[in-house]
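Chains as they are written, first to last, in this note's numbering: chain Y, 61 to 464; chain G, 61 to 464; chain R, 61 to 464; chain W, 61 to 464.
Just so you know, not all the hints are guaranteed correct.
Identical copies look the same in the list; a pair holds intra-copy or inter-copy alike.
Derived DSS-like pairs: lysine-lysine, alpha-carbon spacing no greater than 30 Å straight-line [said to hold, decoys possible]: (1) Lys271 to Lys90; (2) Lys355 to Lys202; (3) Lys173 to Lys386; (4) Lys305 to Lys386; (5) Lys202 to Lys271.
No lab work stands behind these hints: they were computed from the structure.
4 protein chains.
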Amino acid sequence: MTTTTATDMDTLLSDVRNFVEERLIPLEPKLRTDGLAAISSGIESAREVAKENGWWCPQMNAEHGGMGLSLHDFGRLSEVLGRSPLGHLALNCQAPDAGNMEILADHASEAQKDAFLDPLTAGEVRSCFAMTEPENAGSNPKQLSTTAERVSDENGEAYVLNGHKWFTTGADGADFTIVMAVTNPDADNPYQRASMIIVPMDAEGLEHVRKIPIMGEEGEGWLSHSELRFHDVRVPVDNRLGPEKHGFTIAQERLGPGRIHHCMRWIGICERAFEMMCERAASRELSPGTPLASKQTIQNWVAESRARIDAARLMVLKAARTIDEKGARAARVDISTIKYFVADTLHEVLDQAIQVHGALGVTDDTLLSFWYRHERGASIYDGPSEVHKSVVARRVFREYGVNL
Amino acid sequence: MTTTTATDMDTLLSDVRNFVEERLIPLEPKLRTDGLAAISSGIESAREVAKENGWWCPQMNAEHGGMGLSLHDFGRLSEVLGRSPLGHLALNCQAPDAGNMEILADHASEAQKDAFLDPLTAGEVRSCFAMTEPENAGSNPKQLSTTAERVSDENGEAYVLNGHKWFTTGADGADFTIVMAVTNPDADNPYQRASMIIVPMDAEGLEHVRKIPIMGEEGEGWLSHSELRFHDVRVPVDNRLGPEKHGFTIAQERLGPGRIHHCMRWIGICERAFEMMCERAASRELSPGTPLASKQTIQNWVAESRARIDAARLMVLKAARTIDEKGARAARVDISTIKYFVADTLHEVLDQAIQVHGALGVTDDTLLSFWYRHERGASIYDGPSEVHKSVVARRVFREYGVNL
Amino acid sequence: MTTTTATDMDTLLSDVRNFVEERLIPLEPKLRTDGLAAISSGIESAREVAKENGWWCPQMNAEHGGMGLSLHDFGRLSEVLGRSPLGHLALNCQAPDAGNMEILADHASEAQKDAFLDPLTAGEVRSCFAMTEPENAGSNPKQLSTTAERVSDENGEAYVLNGHKWFTTGADGADFTIVMAVTNPDADNPYQRASMIIVPMDAEGLEHVRKIPIMGEEGEGWLSHSELRFHDVRVPVDNRLGPEKHGFTIAQERLGPGRIHHCMRWIGICERAFEMMCERAASRELSPGTPLASKQTIQNWVAESRARIDAARLMVLKAARTIDEKGARAARVDISTIKYFVADTLHEVLDQAIQVHGALGVTDDTLLSFWYRHERGASIYDGPSEVHKSVVARRVFREYGVNL
Amino acid sequence: MTTTTATDMDTLLSDVRNFVEERLIPLEPKLRTDGLAAISSGIESAREVAKENGWWCPQMNAEHGGMGLSLHDFGRLSEVLGRSPLGHLALNCQAPDAGNMEILADHASEAQKDAFLDPLTAGEVRSCFAMTEPENAGSNPKQLSTTAERVSDENGEAYVLNGHKWFTTGADGADFTIVMAVTNPDADNPYQRASMIIVPMDAEGLEHVRKIPIMGEEGEGWLSHSELRFHDVRVPVDNRLGPEKHGFTIAQERLGPGRIHHCMRWIGICERAFEMMCERAASRELSPGTPLASKQTIQNWVAESRARIDAARLMVLKAARTIDEKGARAARVDISTIKYFVADTLHEVLDQAIQVHGALGVTDDTLLSFWYRHERGASIYDGPSEVHKSVVARRVFREYGVNL
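Please construct the entire structure, taking both the sequences and the accompanying hints into account.
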């Protein structure tokens, strides 16, 4: 990791914040009304600006063309990027590509890096990650039904995949997907039954069922979530990422950085929603000279949101620092804690910001409705809050001699 | 009001509930994916069935072709209808037509009844109600900017309307709108400055700016909310509904019945969401033989929702009974109380039902997402919760000698 | 049950409310500072007034000298009595005597009635009920350790009790206790292992360990909770109440009426705390002419408390009506629901009332602190809220085919 | 301020934590049952041990015999001390003496230091601070009624104090009190009307009305709060602390450090209550082999409390760091924010810890009931949460051009 001085970081954050204000936020009105495709040229030119400034793949090391930030510093940057739905995309660190780059960098063979990682970090293609299955509770990884059977015939050694995935974010327009599939169904340890397989999106038998309509919108491209079916999809054995049985181990590694990424992105959303709430309360008049801000209920919300957001940021940055300094294992409680704490904060802040906007708040004339809908899932994806709470409690109770 | 025996009501509720199950709920999947227009023939035939059974305009007296239910009984029916987004439409008691019928029945001249009320109660046309203005806080009726200037010239006596309205529900496809406009700007009492004017939707100068995109959808027909502009829209003086200056008085009369209508509709939504939550928890397995229902957190939500919904229903029906027996004035605290209490209940129940559904909950594969988006406004329209709380508190404090 | 007309009830409630205002509330300041004993003569004369007016043992039939109210009407009366900590005592329907009277009336032999029930209904003695054990979770009745071994020797047939009880309310000064003890440890059904045994408080071997200090006070008499130990306490077999093995069955019968009693008492507390909150907010000035009531936060609390209390009352009275009309079994969900719903309401209202009083609220200069401390247990005794929520959820899920 | 290395601090915290475990916690059972006086010798010997170890007056500079910790480090120490109600007393940094020492060190004349500060820092006497008045809302300092009239006669120049104070913490047994009194009623700026006057507790005319019974206890010594009346109490002009009119300015200076002190003390309470909750859940069995900790509701509380406490600590330490580095003015929002955020956390954690303990939780057999009662005031004293929320909101809204 490159060492970044405090001053460097402050300058970087300030510069990127200006970039978000000047290049990305002006694209949002059209995004709200016409969707991603309508602003593709704007996004492309913003990405070029970012790249030229060296603001690119902040989560990756320099050898992969990235900024080599520590997780702590990446977290701070992620907050600034999170102020716009386009922020992470502009710096090529949007989910799930950011995470895919990380596991490819750590586990891909040289051939895989050439074929999949390099185009990703260059921003030439997009990818997706196929794990969640509609028939199985995501919170229980043992319940994985998609299989990758290893076959060996005249065409060589291959995996044949069959299964059903959904919530494959960004499948629309992606070049390839990394699939979590059962390769070793008989392994004693259920966490050693699965492997990761790289599958080109145009592979024969890979059916793109639909972009799932979510909260009234099916979205497109990076901002969509697909349902996929694998019907005897055949890929060479060399498409396996890392060793067999290591699917969950590799997935586990994504968790810490991915959590920091999302949580700080949410805090960026919170801050922007907070500002919108304050602006509205300051400018909306109940009667001449009496702004909405004069109402104590509004003041309570502002004060409570201010406290919650500040608390959330401190917690996430502490978790990031711990991962940086002591590794993800030392931060496991923190990594679970921030998931529900920050997701709850996000929901509360957005809800209050909408209420302060009154009727305007439920319209698509502001970004609040966009976030209210798109981020309801924050308490669900990457493990629902309830699961994370149990994880924390089980770890705490171990110190009291109870194994649950 | 027709007297309805308890047994009659139980039979009616049971029959209508079956009707909702058999005729309306099957239309919902297409409504979710393709919208209202795609199911218009299904809706029409359901309406015919309803009409044949005498289930029509439950809020209206027999002389207007209605069922003549007391508000209490209408409330109970409204809950059953609320189980589907199509329930009220099927019995021709959807907002805002239901309310418009009531004020037309009470205040329209015979000519107005012929022209506007009869086609409405017959279900031949739809109408809308233009009150909310984007520039003014809805909670302060004194801040009404739309004007209806009275002119008298060679073309007769007329009102000329100018102004800007939004959240005019159902304007798309409506035949006429009832407009709240300032006719007497100099009246001492600010609540006596406005009158209600009936304006045909095809009147010259009435601009339909847009169906407002709300939570990702602009909707259509009855399920849409429009922004309108009035540019010198001229209507004959005879289009005024009731006396001049009486706009707020008449609007006030709508409040009690309208509140019961909405609150019981929300309770219908709550019950259906509750059932969906229970069904999901009972059928979704965390591991073979272990349903989601076994988790105590889910049990807490079920128990808390059960209590909240039961409490909400009792409160609304008590308010309805009080209005029936003692009039709306005697029920003013109750009418405000139920607004925030039931809206909060609705939000909580929907949110928990979504969480229990996990990823499925945020998709449009169930109705939960539809309601989550469409009913966020429940705490906003008809007066935000904060305003109703102040109303209740002010009335309470009067008994303690404090006038706020 | 005696039929009581609506008018009779209204008169009764009004009269008893005046009685509470005039005879009991004036005793409270001394109760707060000096305790129960210091106001014993005041209590006695109030009880005489009550008895003369026929306001006595409202939960008992006329044959036992009671008022024969339905549970619904008793509930309404219980709210009025609950306005003062002395209300139920004044009408001889305080816990646990009220419940003991009921089970004695239903299950005692004639000799037991003469010896124990009659002095109780006459108000000449007090009693207590020994069930909870410090070593066992109250929520699991199978974990009962106190035993009553049946012996037969030259002194006749007897039970010899050994065990440890606590939270035996009112043991201080009681004449006798009804003890839940294991008589049939080998019964297959764990709910058939226990019986109820009547034990005089002066029995040899019954050790009164202490009045348990609770929230800073050990209290006295009726307002205290004791820890007891049974060391080979011998009572004749005739002291068994009802058949062997029927301990839990009889206890179960107490539940419905006992729940209504407590919940409506809590609502009485809520109403009085609500009035105190309003009075304080109306009279306390932040600056000359600006009462605390002008603050929107206070208004929110008043409005939210008003709604919660109204909802709670409707729920409890509905449960009471269901028990009256269809029996306790039909009301089982309601009986659990009100436990947590009303206890939560009580905690919220008391907490807000204290906050409105500021520093005064935490002093013993008002009753709020008394209730805040004494009623914290409302979410714990008679089954903690968490257990009741699971009970409700399990019943709900049965309808969905899941037996938990 | 002495520089303290990170390692030094860790050692100090660990040592003091052991001291609290070994010397103070063993005194608590007797404190709970018999009060402060009963453990006076134990406290005295603990104080001697502390002093010998150089753990004394951590908030004071070395010149006053203190440890010279930064506010940040004092905060960390305050958490450790807060684990026992006796912690701060043992190191002679209990409220209100700690604050009094600070303002005396900053504003006292040499003579005042000799007479009042030195005995305080030596731990030979205690003091109190008389500000709050029963008739005036503490949140509005303009409403101060106590007067100190300056007179000049044959006995010299003096102030004659008249007024009524309450919640004078630790007045019982104190040597002197610092009184906030109006000396300049005509000053234009209402914040410049008051001065601080040092008054010996045995001054003629100073009536100790009572130790106020709070939540069932009047307490004693340092753990009591008194009501005082000043009847023509005469003290020399030299007893004024700092210049005339500077009462509020000096009081303001106490705020930051005092807030850190209290908030970190509350966090110490939270951590100990959290541990008690976990221990109870781990050891209490619902049935053989099934600890309470297995219940998901308990797990939720543990996880939520863990998150809240961690968040609270980070916020307070950040505020302390800001005060250390940039001064109290720069930390004003943070200083208000932590007041309500940490007080809410404290209430929640204590409430959940009690609920986990069941019936035991409401008894005085654990410290939970002690804190539940004594710390209910955390949301009230030093400004109620509602006031601090408005302070934060007003500061935020200033950035949006609104001055409220």
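Tested hints:
1. Taking CA atoms no more than 30 Å apart as the test, Lys271 paired with Lys90 passes in both settings, with 21 Å inside one copy and 17 Å between copies.
2. Taking the shortest alpha-carbon separations for Lys355 and Lys202, only the inter-copy value of 18 Å comes in at or below 30 Å, while the best intra-copy value is 52 Å.
3. Taking CA atoms no more than 30 Å apart as the test, Lys173 paired with Lys386 passes inside one copy only; the shortest distance there is 28 Å, against 49 Å between copies.
4. Proximity of Lys305 to Lys386 under the C-alpha cut-off of 30 Å is restricted to the intra-copy arrangement: shortest distance 26 Å within a copy versus 54 Å between copies.
5. For a Cα distance limit of 30 Å, the shortest separation of Lys202 from Lys271 inside one copy, 26 Å, qualifies, whereas the shortest one across copies, 47 Å, does not.
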